[in-house]
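J.: Work the whole structure out from these sequences, hints included.
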Amino acid sequence: MPAVVDLEKCKGCGECADVCPVSAITIENEKAVVDEDSCVECGSCVDACPEGAISV
1 MPAVVDLEKC
11 KGCGECADVC
21 PVSAITIENE
31 KAVVDEDSCV
41 ECGSCVDACP
51 EGAISV
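Note that this note's numbering numbers the sequence shown so that position 44 is 44, with each residue one more than the last.
Hints are computed from structural coordinates only; laboratory data are not their basis. Treat each hint with caution, since some may be false.
[As the list claims (entries may be wrong)] Restricting the straight-line Cα-Cα distance to at most 16 Å, the calculated cross-link-like pairs of lysine to aspartate or glutamate (EDC-like) are: (1) Lys31 <-> Asp6; (2) Lys9 <-> Asp37; (3) Lys11 <-> Glu28; (4) Lys31 <-> Glu8; (5) Lys9 <-> Glu30; (6) Lys31 <-> Asp18.
T.: Structure representation (structure tokens):
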């Protein structure tokens, strides 16, 4: 299952997008958006998110 973003917790800081090895995360309208087809479920974004807004 690809990464899932809790939009209520996400502050749009971009830390997750910065660490994603396949560039599967973009910031749109100040929220993280995961390209489910590109996500390799590595969990780097989960560890990087200071808000705890992402799960895999």
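J.: Each hint: holds or not?
T.: We went through each hint and held it up to the structure:
1. Lys31 <-> Asp6: holds, 9 Å
2. Lys9 <-> Asp37: violated, 23 Å
3. Lys11 <-> Glu28: This hinted pair holds, its Cα atoms lying about 11 Å apart.
4. Lys31 <-> Glu8: holds, 9 Å
5. Lys9 <-> Glu30: holds, 12 Å
6. Lys31 <-> Asp18: holds, 14 Å
Violation of the numbered hints given earlier is confined to hint 2; every other hint is satisfied by the structure.
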